[in-house]
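Peer 1: Sequence:
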Amino acid sequence: MEPDTVVITTTLLSFAGGFLSWIFFKVVKPTLKFIDKHEDLSESIDTIKKEITTNGGGSLKDVVCKLGDTCGRIEESQKIIEQRSKAALHYNSTALFETDNAGRLVWTNESFNELTGQSTNNLEGRDWITYVHEDEREEFIHELNSCLSMNRRLDKETKTSDDMDVRIVGFPYKLNEDEQGGFLISVSEISQKG
Numbered sequence: 007m008e009p010d011t012v013v014i015t016t017t018l019l020s021f022a023g024g025f026l027s028w029i030f031f032k033v034v035k036p037t038l039k040f041i042d043k044h045e046d047l048s049e050s051i052d053t054i055k056k057e058i059t060t061n062g063g064g065s066l067k068d069v070v071c072k073l074g075d076t077c078g079r080i081e082e083s084q085k086i087i088e089q090r091s092k093a094a095l096h097y098n099s100t101a102l103f104e105t106d107n108a109g110r111l112v113w114t115n116e117s118f119n120e121l122t123g124q125s126t127n128n129l130e131g132r133d134w135i136t137y138v139h140e141d142e143r144e145e146f147i148h149e150l151n152s153c154l155s156m157n158r159r160l161d162k163e164t165k166t167s168d169d170m171d172v173r174i175v176g177f178p179y180k181l182n183e184d185e186q187g188g189f190l191i192s193v194s195e196i197s198q199k200g
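Counting from 7, one number per residue, gives the positions in the sequence shown under my numbering.
No lab work stands behind these hints, which were simulated from the structure alone.
Beta carbons: idealized from backbone N, C-alpha and C, even for Gly.
Don't take every hint at face value.
[As the list claims (entries may be wrong)] Taking lysine-lysine pairs in the BS3-like style, the calculated list, with each CA pair at most 30 Å apart, reads:
id, residue 1, residue 2
1, Lys67, Lys85
2, Lys67, Lys56
3, Lys43, Lys55
[What the hints assert, rightly or not] Derived CB-CB ranges, DEER-like:
id, residue 1, residue 2, range
4, His96, Leu73, 31 to 39 Å
5, Asn151, Lys85, 32 to 40 Å
6, Ser91, Asn157, 30 to 38 Å
7, Glu45, Gly24, 24 to 32 Å
8, Ile54, Cys77, 28 to 36 Å
9, Val69, Gly24, 56 to 64 Å
10, Arg158, Thr53, 41 to 49 Å
11, Lys56, Leu95, 45 to 53 Å
With the sequences and hints as input, model every part of the structure.
Peer 2: In structure tokens:
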């Protein structure tokens, strides 16, 4: 080979190598960096998404469904507790009744019905204060209203309209901070003092 050909070939090879290097550094390498950055960015977005969502990146619908299931279980437990409490109170040997804040009967148990000789249907919604003897009613109402206003327990011995000596114990309850709910009251007959 002639020296001019070697120089031209070497120059061409150098030029081709330089051109390929230029293409690699100016086009291929930035493209590879961009692809790497895009993959890193996608991973970062997925990580952030999992960290800021309550269910690890699942759908909002899944969260709402799980919350609905939890609320359903809580409601079912509450119903069971309520029914057990009602059954325990309803068949208790102590005569019990509940009033609203206006003094009307909203619930009575079997023992109270037996004591008064009335059925639940005849008693509900009525003013239970008529059960207290007429001569003692005014004093009793005053004591009851005082207990309601001060949110304290009522404990009073009185006569019924049938002249039976009874002890009435009431516990006020509040529906919320501002609203009085009424009284849960127990009535027990006082044995005749000998």
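Peer 1: Output the numbers, in ascending order, of every earlier hint that fails for this structure.
Peer 2: 6, 10
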